[in-house]
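Start counting the sequence shown at 528; every next residue gets the next number (the numbering used here).
It should be emphasised that the hints constitute simulated quantities derived from the structure, not laboratory data. Values in this document were obtained by computation on a predicted structure and should not be read as measured data. Glycine residues also receive a C-beta, built at the ideal position from the N, C-alpha and C atoms.
Across the chosen pairs, the derived CB separations fall in these ranges:
no., residue 1, residue 2, range
1, Arg798, Cys563, 50 to 60 Å
2, Val738, Lys851, 47 to 57 Å
3, Glu568, Glu723, 36 to 46 Å
4, Glu791, Leu741, 44 to 54 Å
5, Gln858, Gly596, 50 to 60 Å
6, Leu763, Asn684, 31 to 41 Å
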Amino acid sequence: MRIPRMLSAGYFLQTQAKVQEIMTKLLFEIIREELCDVVGEDGVDTSEAGRFCYGADYSWVSRAWVDRGMPPPVPDYVVLPRSTEEVSRVLKIANHYKVPVVPYAGGSGVNGGILALFGGIMLDLKRLKCLIRIDEKSLTVTAEAGINGEILERELNQVGLTLGHYPASGYCATLGGYLAARGSGTLSTKYGKAEERVVAMEGVLPTGEIVRTLPVPRHATGPDFLNFFIGSEGTLGVITEVTMMVDPLPEVRDFQGFLFKSLEDGLEAGRRIMTARLRPCVIRLYDPPSTIRFVQKVLGIQVEGAFMVVGSDGKKDMVALEMKEISKICQALGGEYQGRKPGETWWEERYKFYFPPF
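Just need the whole structure built from these sequences, with the hints factored in.
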């Protein structure tokens, strides 16, 4: 008996769909096996729960999915390499099979950069966490990109040094994340942003090729390859190792508070401080609504207006002189001196400004 043409077409389409499904599952397993060959069985997670943990960061985009009751975008594989060489081999696999890769560090981003919108591989770099070398003579530190920023700072503090980088995400961000996101921190007014403190870097291109820059000042001509990775958010390659400048821990740190009647007066004070070529380590100005919402809650002081914290660090005598000049500028613009206690409390409690319930 002859099968009707329409039935034959339907049967063919159903069969084709089943074959494609089988081939997709087969390819998924092939890729998983190859990834396991590189990083080991414990370095690849394809479980639903494991992948779900990588479906959000601190961005409004992540919150939007939750608010709308939609499942977050999750990767197909979570891969945790232990070395630059393993990162290279993983990227070669991904490049061969045309699988998208999202580098993952501390997960503290606020722009949705780690969301795996097209599935693929989530490359978690937190196993690259070795502190390789502290050079107390050249004042540099070399570490793998997955080391936690707070842990790195504590290790440096033990030998009397500091990275000078204190971002809001310091407790969860990583060294590589500092650079991939062009991070700035609480003391960047003096010490500079993360990108300004990097000396050398090791990274892996999407093809799997490993590139390294030398820990020396660059020549007057030619491109600066550091900036190929810095600020790229992992889109142009994966940062695996970094050498950064460090500084001696300051002899003293002095934080003081000033209260201005208006935001404009506070901004003018900040402008005059900087154009006077003073070098405060921090100038943090809150507008009147933020003073009520944040400063009153965190610092426990009942003030209204534009609240400013100014800090200086370094040698005791130099800090005293600098803060004296800063105080003159602030008070000339109507800034009411609040003393050291609000400033010191702000420094100790600064991370509370960024997390609930504050």
